[in-house]
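Q: The whole structure should be built from the sequences, with the hints applied where relevant.
Listed here are the chains, written in short residue letters.
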Amino acid sequence: MYRLTNIKINELIKIDNLTIPGQSVTCILGPSGSGKSTLLKLLNNMITPDDGQIAYKKQLISDLDPIQLRRKSVMVPQTPVIFDGTIKENITIGSKFSEKEPPSIKQLNGILEEFQLNKNLNDNALNLSGGEKQRIAIARALLMNPEVLMLDEPTSALDEQTAEVVVHKILEYVKDKDLSLIFVTHNKELAAQVADHTIDLMKYSLKKEMTIHERNH
Amino acid sequence: MKEIIDLSFWQLLSAYVFILILILIVKIKRIPREKEIFLATVRMTIQLILAGYILVYLFENAHPILTLFSICIMQVFAIYNVYKRSNTKINLQMKKIIALSMTLGIFFSLFYFIFIVINVSPWYEPRYFIPIAGMIIGNSMTGITLGVNNLITGMKSHREEVEGALMLGATPKAASKEVTNQAFDAAMIPTINSMVGMGIVFLPGLMTGQILSGTSPVVAIEYQIAVILGIVGSVSLSVILFLHLGYKQFFNDRSQLIHEHD
Chain A
1 MYRLTNIKIN
11 ELIKIDNLTI
21 PGQSVTCILG
31 PSGSGKSTLL
41 KLLNNMITPD
51 DGQIAYKKQL
61 ISDLDPIQLR
71 RKSVMVPQTP
81 VIFDGTIKEN
91 ITIGSKFSEK
101 EPPSIKQLNG
111 ILEEFQLNKN
121 LNDNALNLSG
131 GEKQRIAIAR
141 ALLMNPEVLM
151 LDEPTSALDE
161 QTAEVVVHKI
171 LEYVKDKDLS
181 LIFVTHNKEL
191 AAQVADHTID
201 LMKYSLKKEM
211 TIHERNH
Chain B
1 MKEIIDLSFW
11 QLLSAYVFIL
21 ILILIVKIKR
31 IPREKEIFLA
41 TVRMTIQLIL
51 AGYILVYLFE
61 NAHPILTLFS
71 ICIMQVFAIY
81 NVYKRSNTKI
91 NLQMKKIIAL
101 SMTLGIFFSL
111 FYFIFIVINV
121 SPWYEPRYFI
131 PIAGMIIGNS
141 MTGITLGVNN
151 LITGMKSHRE
161 EVEGALMLGA
171 TPKAASKEVT
181 NQAFDAAMIP
191 TINSMVGMGI
201 VFLPGLMTGQ
211 ILSGTSPVVA
221 IEYQIAVILG
231 IVGSVSLSVI
241 LFLHLGYKQF
251 FNDRSQLIHE
261 HD
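Residue numbers (the UniProt record's numbering), protein chains in the order written: chain A, 1 to 217; chain B, 1 to 262.
For the record, the hints were derived by calculation from the structure and aren't laboratory data. Possibly wrong hints are sitting among the right ones.
[Said to hold, decoys possible] Below, in silico cross-link-like pairs of lysine-lysine (DSSO-like), each with a Cα-Cα straight-line distance of 27 Å or less: (1) A/169 to A/106; (2) A/57 to A/96; (3) B/248 to A/100; (4) A/57 to A/88; (5) A/96 to B/177; (6) A/88 to B/177; (7) A/72 to B/177; (8) B/173 to B/95; (9) A/175 to A/57; (10) A/14 to A/100; (11) B/173 to A/96; (12) B/173 to B/89; (13) A/100 to A/58; (14) A/106 to A/119; (15) B/173 to A/72; (16) A/88 to A/133; (17) B/96 to B/27; (18) A/133 to B/96; (19) A/100 to B/95; (20) B/156 to B/248; (21) B/173 to A/100; (22) B/248 to A/96; (23) A/169 to A/119; (24) B/95 to A/88; (25) A/133 to B/177; (26) A/100 to A/72; (27) A/96 to A/169; (28) B/95 to A/133; (29) A/88 to A/175; (30) B/248 to A/72; (31) B/156 to A/96; (32) A/72 to A/177; (33) A/14 to A/58; (34) A/133 to A/100; (35) B/96 to B/248; (36) B/96 to B/84.
This one's a predicted model, so the numbers in the text were calculated from it and none came from an experiment.
A: What follows is the structure, encoded as structure tokens:
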């Protein structure tokens, strides 16, 4: 699905060759500052590499409309972005931005329940806790019906029990809709448990060039 | 109606007592602002005396080139003032956008006002053209300055939301809509507030001047209403144009947020 060739960004990332297969769960592992989030931002063209090529479904990203690409390959950053407004507005804003059909009230209530968000759709989203905001951001991305879902540390603000439920729901949704999931985590156990493929950035150290190898399980 | 009282030199001088009182107060309160007050008073006096003589010359030698030249000078000063009064560093492209939107917004409103609203003949009559241009340019300058500052600071403080919106497939325009709306609001507030207070809280300068010079208050009010509408038109048009072109400066051709304005 994604193919990266000779990618370079400053001193931060150097990738000789990397393929991320479609309709599967790919996990990007590595310590803080190893370029995990940067790698995700490369994939939806939020940033452009200094050198090298990235192809999505055999088409070079540089030839694709970046806005259309981001509507297919939706990224949820580690710090969830919550807009001024209600929970409903915050979940539906994804469809609004991407000019897609908005989710129904039934879908909205359904996803709140699935993600254990015992809240009213008209509550102010800015008053939510960090974990609740994170779940709202994931729910928003899921309801956009993307082809690829890219999650940056999706469970970082959640307690263990909620994290388990959320991960389970995400995986269920991904399998159900035949999506591709790329997620960044520093949790090796979680990666081993759910990932079909792992990209390991563990050997990274500052100013030391490194190559990312794909490791199939 | 009584003739206007021409202030004698000594009468005018006596008005400077207010400045002496102000300097005395800041001295007693030990607020170190005497120098600024003194300089501002001197500048105001010199600038107005010069403006007075220039206006006398322009009025006595009415010519389209002279009128247009004066307007252009005022416009250049206003644009330069916006650059100077901006809180942050503005790049060259942004400066061009400010100049373009101010010029288009102001000139459209001004010429509409002169040709359609008052329909003065000859059109370049400096007695009408110059004071009206002054009011329109001055107010637009304040509006644009607020618009520029609010756009730049808003894009900085809402960077996460703007980037988050882009990640959700928003166009740069949709992603920055909240910021541009707030900037428009901030730019328009002084003009709207002045409309609300007009006639009750204060009598606007144009009206006061006309009444003092012996014009009927009703005629003065007619002019005042027309001028404030012209100002609203010019401020909103300049600010809309600026925001419409200005937000694009924060994105590159790949619809990525650029960090140049940090």
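Q: Could you run down the list of hints and mark each one as holding or not?
A: Okay, the hints, checked on the actual structure:
For the proposed pair residue 169 of chain A and residue 106 of chain A, the alpha carbon gap of about 17 Å is at most 27 Å, so the pair holds. The straight-line distance between the Cα atoms of residue 57 of chain A and residue 96 of chain A is roughly 25 Å, inside the 27 Å bound, and the hint therefore holds. Restraint check: the Cα-Cα separation between residue 248 of chain B and residue 100 of chain A comes to about 24 Å, which is no more than 27 Å; the hinted pair holds. A hinted pair counts as satisfied when its Cα atoms are at most 27 Å apart, and residue 57 of chain A with residue 88 of chain A does not qualify at roughly 33 Å.
A C-alpha spacing of about 13 Å is found between residue 96 of chain A and residue 177 of chain B, which places the hinted pair at or below 27 Å, so the restraint holds. Of the pairs offered as hints, the one joining residue 88 of chain A and residue 177 of chain B holds, with about 19 Å between alpha carbons and a cut-off of 27 Å not exceeded. The hinted pair formed by residue 72 of chain A and residue 177 of chain B meets the criterion: a straight-line CA distance of about 22 Å does not exceed 27 Å. Our distance criterion of 27 Å between C-alpha atoms is met by residue 173 of chain B and residue 95 of chain B, whose separation comes to about 20 Å.
For a cut-off of 27 Å, the pair hint linking residue 175 of chain A to residue 57 of chain A stands: about 19 Å separates their Cα positions. Proximity of residue 14 of chain A to residue 100 of chain A is assessed by CA-CA distance (about 35 Å); at most 27 Å being required, the pair is judged violated. At most 27 Å may separate the alpha-carbon atoms for a hinted pair to count; residue 173 of chain B and residue 96 of chain A meet this at roughly 13 Å. Of the pairs offered as hints, the one joining residue 173 of chain B and residue 89 of chain B holds, with about 23 Å between alpha carbons and a cut-off of 27 Å not exceeded.
With a C-alpha separation of about 25 Å, the suggested pair residue 100 of chain A and residue 58 of chain A falls inside the 27 Å cut-off, and the hint holds. Straight-line distance between C-alpha atoms of residue 106 of chain A and residue 119 of chain A comes to about 14 Å, which keeps the hinted pair within the 27 Å bound. For a cut-off of 27 Å, the pair hint linking residue 173 of chain B to residue 72 of chain A stands: about 19 Å separates their Cα positions. About 12 Å separates the Cα atoms of residue 88 of chain A and residue 133 of chain A, which keeps this hinted pair within 27 Å; it holds.
As the CA atoms of residue 96 of chain B and residue 27 of chain B are separated by approximately 44 Å, the hinted pair breaks the 27 Å bound. A threshold of 27 Å between alpha carbons decides the hint, and for residue 133 of chain A with residue 96 of chain B the separation of about 41 Å lies outside it, so the pair is violated. With a C-alpha separation of about 37 Å, the suggested pairing of residue 100 of chain A with residue 95 of chain B is violated against the 27 Å cut-off. For the given pair, residue 156 of chain B sits about 14 Å from residue 248 of chain B by alpha-carbon distance, which is consistent with the 27 Å threshold.
Taking the CA atoms of residue 173 of chain B and residue 100 of chain A, the gap is near 17 Å; set against the 27 Å cutoff, the hint holds. At most 27 Å may separate the alpha-carbon atoms for a hinted pair to count; residue 248 of chain B and residue 96 of chain A meet this at roughly 20 Å. Among the hinted pairs, residue 169 of chain A with residue 119 of chain A is consistent with the structure: their alpha-carbon atoms are about 18 Å apart, no more than 27 Å. Of the pairs offered as hints, the one joining residue 95 of chain B and residue 88 of chain A is violated, with about 40 Å between alpha carbons and a cut-off of 27 Å exceeded.
At roughly 22 Å between alpha-carbon atoms, residue 133 of chain A and residue 177 of chain B fall within 27 Å of each other, so this suggested pair holds. The straight-line distance between the Cα atoms of residue 100 of chain A and residue 72 of chain A is roughly 11 Å, inside the 27 Å bound, and the hint therefore holds. Taking the CA atoms of residue 96 of chain A and residue 169 of chain A, the gap is near 24 Å; set against the 27 Å cutoff, the hint holds. Pair hint residue 95 of chain B plus residue 133 of chain A does not hold up; C-alpha atoms about 39 Å apart against a cutoff of 27 Å.
The hinted pair formed by residue 88 of chain A and residue 175 of chain A meets the criterion: a straight-line CA distance of about 25 Å does not exceed 27 Å. A threshold of 27 Å between alpha carbons decides the hint, and for residue 248 of chain B with residue 72 of chain A the separation of about 23 Å falls inside it, so the pair holds. The straight-line distance between the Cα atoms of residue 156 of chain B and residue 96 of chain A is roughly 23 Å, inside the 27 Å bound, and the hint therefore holds. Simply put, residue 72 of chain A and residue 177 of chain A have alpha-carbon atoms about 13 Å apart, close enough for the 27 Å limit, and the pair holds.
Between the alpha carbons of residue 14 of chain A and residue 58 of chain A the distance comes to roughly 21 Å, so the proposed pair stays at or under 27 Å and holds. Annotation: proposed proximity of residue 133 of chain A to residue 100 of chain A holds, straight-line Cα distance about 22 Å (limit 27 Å). Restraint check for residue 96 of chain B and residue 248 of chain B: the C-alpha separation of about 13 Å stays at or below 27 Å, so the hint holds. Taken as a hint, the residue 96 of chain B and residue 84 of chain B pair is honoured in the structure, with Cα atoms around 14 Å apart against an allowance of 27 Å.
Violation of the numbered hints given earlier is confined to hints 4, 10, 17, 18, 19, 24, 28; the remaining hints are satisfied by the structure.
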